[in-house]
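> Let the sequences and hints guide you as you build the complete structure.
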Amino acid sequence: MTNSFADYLNTDLFFVIGSNPTEAHPMAGAKIMSSLMNGTKLIVADPRRIELADKADIFLQLRPGTDIPLLNGLMHIIIKENLHDQKFIEERTEGIEDLKAAVEKFTPARVSEMTGVPENLLYDAARLYATTSKAMLCYTLGITEHICGVDNVMSVANLAMLTGHLGREGTGVNPQRGQNNVQGACDMGALPGDYPGYQKVVNPEVQAKFEKAWGVKLSNQPGLTIPDMMDAAVEGKLKAMYILGEDPVLTDPDANHIKKALQSMDFVVVQELFMSETAKFADVILPGASFTEKDGTFTSSERRVQRVRKAIEPIGDTRPDWWIVCEVAKRMGYPMAYAHPEEIFNELASLTPSYGGITYDRIEHCGLQWPCPTVDHPGTPILHTKAFARGKGLFKAIDHTPPAEMPDEEYPYLLSTGRILYHYNVTTRYSSALDAHRPEEAAMIHPADAVMLGVGTGDTVQVTSRRGSVKTKVAVTDKVQSGMIWMSFHYRETPTNELTVNAFDPISKTGEYKVAAVRIEKTSPM
Amino acid sequence: MSISKEMRSDIEERYKRNLERPRIVVGLGTCGIAAGGNKVMDAIKAEVAKKGLDVDVDFTSCIGMCFAEPVVEMALPGRASVVYGGVGPENVVQLIESHMVQKTPVAEQAQIQILGGAEAYEGIPAMEKSEYYEQQVRSVTWRLGRTNPERIEDYIATGGYEGIQKALTMDRIAIIDEIKKSGLRGRGGGGFPTGTKWQFVHDAVGDKKYIVCNADEGDPGAFMDRSVLEGDPHAVLEGMMIAAYAIGADEGVIYCRAEYPLAIRRLNMAIKVAEEMGIMGENIMGSGFNFKVRIKAGAGAFVCGEETALLNSIEGQRGMPRVRPPFPAHKGLWQKPTCLNNVETFANVPNIIRKGGDWFSSMGTEKSKGSKVFCITGKINHTGLCEVPMGMTLRDLVYNIAGGIKDGKKFKAVQSGGPSGGCLPTEKLDLSIDYESLGQAGAIMGSGGLVFMDEDSCMLDIAKYFLNFTQMESCGKCTPCREGTKRMLETLERICEGNGVPEDIDNLERLAKVIKTSALCALGQTAPNPVLTTLKYFRDEYEAHINEKRCPAGVCPELLNYTILADKCIGCGVCIKACPTGAISGEKKAVHVIDPTKCVKCGACVPKCKFDAIAKA
Amino acid sequence: MPNVTLTVDGTQVTVPKGTTVVEAAWKAGAFVPTLCHDPELSKPGACRICVVEVKGARNLVASCVTEAVEGMEVQTSTPAVIEARKTILELMLDNHPEDCLTCHQAGDCKLQDYAYFYNVKPGAFGGESHQYELEDDNLFIVRNMNKCILCGKCLRACEEKQGRAVIDFAYRGFKTKVTTALDQPLADSVCVSCGSCVAVCPTGALTEKAMLGKARKWEIEKIRTTCPFCGVGCNLDLNVKGGKILGATSNPASPTNGRDLCVKGRFGIDYVHSPKRLTKPLIKKNGAFVESSWDEALDLVATKLGEIKNKFGSDAIAALSSARCTNEDNYVMQKFVRAGIGTNNVDHCART
Amino acid sequence: MAGCACTGEKVDSPQDLQLMDLLGHYRGYDGSLIPVLQGVQEIYGYLPAEVLEKVSQELKIPFSKVFGVVTFYAQFHLKPRGRNIIRVCLGTACHVLGNAKVFDRLKDILGVDNGGTTDDLRFTLESVACIGACGLAPCIMINDDTHGRLTVDGLEDILAQYA
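Chains A, B, C and D, in that order, are what the protein sequence lines are. Just so we're aligned: 399 in the working numbering is position 399 of the first sequence, and the numbers increase by one with no gaps anywhere. So the number in the working numbering is just where the residue sits in the second sequence, counting from 1, plus 1000. So the number in the working numbering is just where the residue sits in the third sequence, counting from 1, plus 2000. So the number in the working numbering is just where the residue sits in the fourth sequence, counting from 1, plus 3000.
Calculated directly from the structure, the hints in this document are not laboratory data. Please note that the accuracy of each hint is not assured.
Okay, derived cross-link-like pairs now, DSSO-like style, lysine-lysine, Cα gap no bigger than 27 Å in a straight line [to be verified]:
id : chain 1 : residue 1 : chain 2 : residue 2
1  : C       : LYS2280   : B       : LYS1331
2  : A       : LYS259    : C       : LYS2209
3  : B       : LYS1513   : C       : LYS2285
4  : A       : LYS105    : A       : LYS87
5  : A       : LYS237    : C       : LYS2285
6  : B       : LYS1336   : A       : LYS134
7  : C       : LYS2175   : B       : LYS1516
8  : C       : LYS2304   : A       : LYS310
Put into structure tokens, the structure is as follows:
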């Protein structure tokens, strides 16, 4: 996020695209909802009529996978009507001509046809966003979980730069991170091409720095991303995998492919709290301690590094994850001896410039938002106030990429997936109240489709894609468009990701969870 | 558009010509209609048509003599017009024949005659000399019962919209100064100086300002505002316009209780015609001043008479009062500076601007200037609407205007100011009617409701009645009012049921004090007044109820015992039939007996006994 | 910002302009009770418990909604003030169950504290009291509206903090009640069970269902941590008694969320004590998992990975780190993979 | 606009059409809730729950607040009200004289319970504390008329007087 959650209360307009914050990021959603009570305006772009859509001043119910045409179309109108921020563009950006050329062909009429959004709403949205001084863009996985996810993100950035909605209070491009410590895991270099702090493994200076710090020779070859790992495993190139606190069988696209990958390997270690779907494929399961049983830090979407504190002793014979990993390292001849997570933190801070000024003492009460390079630095609530990371912001000319798989005669329905309020990726199924409240999948289908399928709310259907088939109960609602089915991925009983498509963004390797083609048939109860 | 001199004199001319024609005018205020005025109107029209008389049949609003409704005025050219009371459809034929055809008034049914420079009739009191009107002034109310409120021409012909015309030529501050000079104070109850309030709103900074007219008159026994709205709607509009111009507002809202449909209808008509004539709307009378007004109908909540609750209600919220400060003058409707006055206050304004502040302040007392409209009800002979100069004594009001207590009974108390006011006893009869005197005596001027009680009234019962009202109407927001009035009411009920204990008086006093000092709004702060004043002036009645289990006025059923007086009962058996519970028994022509275990103390037997043989004690 | 100076009980105190009298009084060290007042919510001035005497004012003044002005003379404990506060408390207690002995909120209840402080007992006036049915038919929150003192903090939190306004005042006067549209139970309303209402309730009217009967307030140790259920980074307090987490409550000092949480953060932490937790290392032997010692499991892992590394090279091994684990865990994991195994094959589900 | 929930909905009764007119008239105006509720009550004779929910959506006012307003003002009714309001006195005298039987018989005739309204909206049946006509007990009030000394058999004739 370029800006902070506190800043949500300072904006005059939210443009929420591909994000369902009231369910997936409830406290962010709450801030939006309470701002609306005070007159803040709202544009929502989403294929589903999500809760915020009903509160919106303008709701753009686009077809799944048409974010780029929509965004380009809005920019087309903004440029045509001369509503762009010329001063910002001149002072802070480059490449505007490329952008202008790229969006030229995205006329309102054409965009309306591509997205299904009425032309007048395109005009309304473009004008409102461009002319509101404090306008904030919020997006989430509805933007990134496409094969054109990176292009989608670039388009969002284009729009914000075009209108100068960056680097100020109440503005910005604000992707809310899906999981509690995605930000931190990325910051910590749990990425195949990056050391902590996004220092590139291919950079020899960086390599030298870490070799010195860690006392070993390091590889300068970027590693494999998850999809590549799975492919490599199936191909027999990857022999072993150590999986810490992840459940790719349930949460990664094309689950059957994942299962095959796990089965193909010689040795799989899973470090987990529960017997996850993935753990079942393990050769060794190492029981980890939960976040309540250990000290540490999480880094939130707004780049805030905050304390996790041990409240109780590890349950049973479990151990903190860091301890287990260190033990394995030690036994493999690479001693990593830490008495306490604070020691780990001090080491990582010394190697991660953006964390350089952060200590446990400093984050005792309110955390700190990185970049925080020195111990006297107050942290950074708003990014890019003076310049972008690369200096000038670069407009990228982006063209439309249709989803990898679209409904056809054989698989006539479009499947899209996401989270619901009452569950998280993992663990919530083990909360008695949460699980009792939402014990099973309730796939959303449109009333017209329900009639065609002869089903009503609570009935069971078989949903089948080219990759798998699952049973689910349905909820009939006009919150989804007809021709679409929406499912969450929380339920092992209904493993939705057996259906999703094994297609990834070429750069980020993010799976296209948001669009797949499926067939639906009524079936006997689960 | 403007009302030109020529246009005004033309309208006046026509109005006068109409007055010189044979006329029958029916009082069709809400009270007149309730008493059957419409049926009388129909009968009159039918009779006039049948006889083929050259007579104008018109209507007006309530002249104030509610005790005499339905009221019909008959006038012949050159003669005084005679106001008849108690006219039913059955009287119509005879009245028309006698007055309009034979030109002989029916003196026995005539209440008053209005001279207006014309020749008087013998044997009918002139309005100014009549018992009811002699001590009254007719300042705010003077068009009531005299003009047709649905005709703007009647208003204009009688000086209407001269005030705003004059105001538009004045400096805004000069208008406010004139109001200040008049000494006009809020007629809704608070008595805040109107000019000072206007000054606050004038001085308040805001891109938008509002005028709000409080027409949510909700006190039981009060209908001053209704009468003014029904009888002189344009005067209220004109007052609002003058205020709007003075403070710099361009929008007004009249918040009128929904229970006043006729007032709302007449206001709507008045607004429509005023807009059509260019008296209201854009660029009023060519001055560049814009003003529009709309009506918001209340939805049944007494507390919305409290100004901040009223503003919340206009905004579409629960009518719960806001904390003050900020006062509406600074943050009122939609948080904008708002000038909020009641109907009677606004209705006074045109006269003050036309005639000058000095004219107004020549009436009244040192601190309470002008006149005040009162609704007098209860156990008096003349119930109705009256307007008196500030400073008149209660005694004059009771014994002259009100015609004394009904059935020759003794005056016991008067409740001034409705549920927020207090009960004043005989000792206070010589109290001057003004804000300060009433306040010092523990009552309030209020909006002008006066309920009179005689010796048969139990003061605890009265206090209970008003407390029940405020308790039911409490909005529930603040603890003292919500919980406290409930406990006070329960305590009173216990006492009236004979279950009182001596500590109850202390508890009542403590609750009253805390509610008065700690409640959030004026409704709560004044809710204990009926109890406090009755405790102050009629403490012995409380003590009788508590210590002797006796209701001195013979009202509280649980404390009554009905007995048959052996020396009076002739054994006729009527009471046996009257008794709903079979509690009375006795042989024919033998003295009857009431079985106290069966008697439910409903009192049904008492009026049936022709021999006054049933006693309650 | 300009300051104003006033006296509170004879003590001079200087506060920024715009400060309320109650805040000034607190600053001056005076005790002024409040119930409906909340610094983060709008100010209704409804409960009236905070009344004080201000020189020149006709009535007592609700200090929570009155702005301190220059030269103001405030008295916080005159006989009139004390009488008003005691009476208001008596009125509240007369419409409140006398079950402090078994009330979950005991020990953390403002009504109880003030009643104690002012030595106020129930039953001063008697009379009718509310007899609402206990609402415990949802999974998260128990509502006992008989204990509600109508301070309205719950509905203000619901509207102003969560932007939902699921509840509001309904009816009026003595019958006023905080309820949902159509007076339905929460379970049948649009409530999303965030529990912000519970967090601000000053009495036992609203309680976390899972914690009822588990601990007295004073037995609970609260440990602040960061919520694990999404990327917003809310802070919360783990409520611990006897080495067990009873539940979570919000912590007003939390930078992003204050006292607000969502249903998962407030009511979903119990998964930690799920009997389905893995508590022993497991080794798959003949297709079935068998419990082992840590040494055995760790040695096996080290050995197997070492073998594969030796046989197929470092790049034949990969690791998934976790977006749900701490920074320290992730740092250690990638360091282990890079420095210990010698490959950059480390990734995590950064994209979900 | 997102708020337009009316699209695609089946509109069948003239009341619904009137409702749409009403909402169309007031949509976007500040402070329109109470006039809208008054209008709804005029159209339907009371405030049906589902209409209130629609009002909440269309005016973008939380449903709880709509309900709060409805229950605050005495004018508003959540249940249908008949053209004629029957108030059965439950004072002591009436009670002793068997008004319970009268009440039961009225419930039978009208097919409604206490507080209920007949389907044709002709009558609403309510109970009331003593109306002070004990001499006429057992008695009921219909609108402003008091009917006393009732017998169970005479009730139908009395009801017939009210259309």
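> Take the hints in turn and mark each one as holding or not.
Evaluation of the provided hints:
{"no.": "1", "hint": "C/LYS2280 / B/LYS1331", "in the structure": "violated, 66 Å"}
{"no.": "2", "hint": "A/LYS259 / C/LYS2209", "in the structure": "violated, 40 Å"}
{"no.": "3", "hint": "B/LYS1513 / C/LYS2285", "in the structure": "violated, 83 Å"}
{"no.": "4", "hint": "A/LYS105 / A/LYS87", "in the structure": "holds, 25 Å"}
{"no.": "5", "hint": "A/LYS237 / C/LYS2285", "in the structure": "holds, 25 Å"}
{"no.": "6", "hint": "B/LYS1336 / A/LYS134", "in the structure": "holds, 25 Å"}
{"no.": "7", "hint": "C/LYS2175 / B/LYS1516", "in the structure": "holds, 21 Å"}
{"no.": "8", "hint": "C/LYS2304 / A/LYS310", "in the structure": "violated, 32 Å"}
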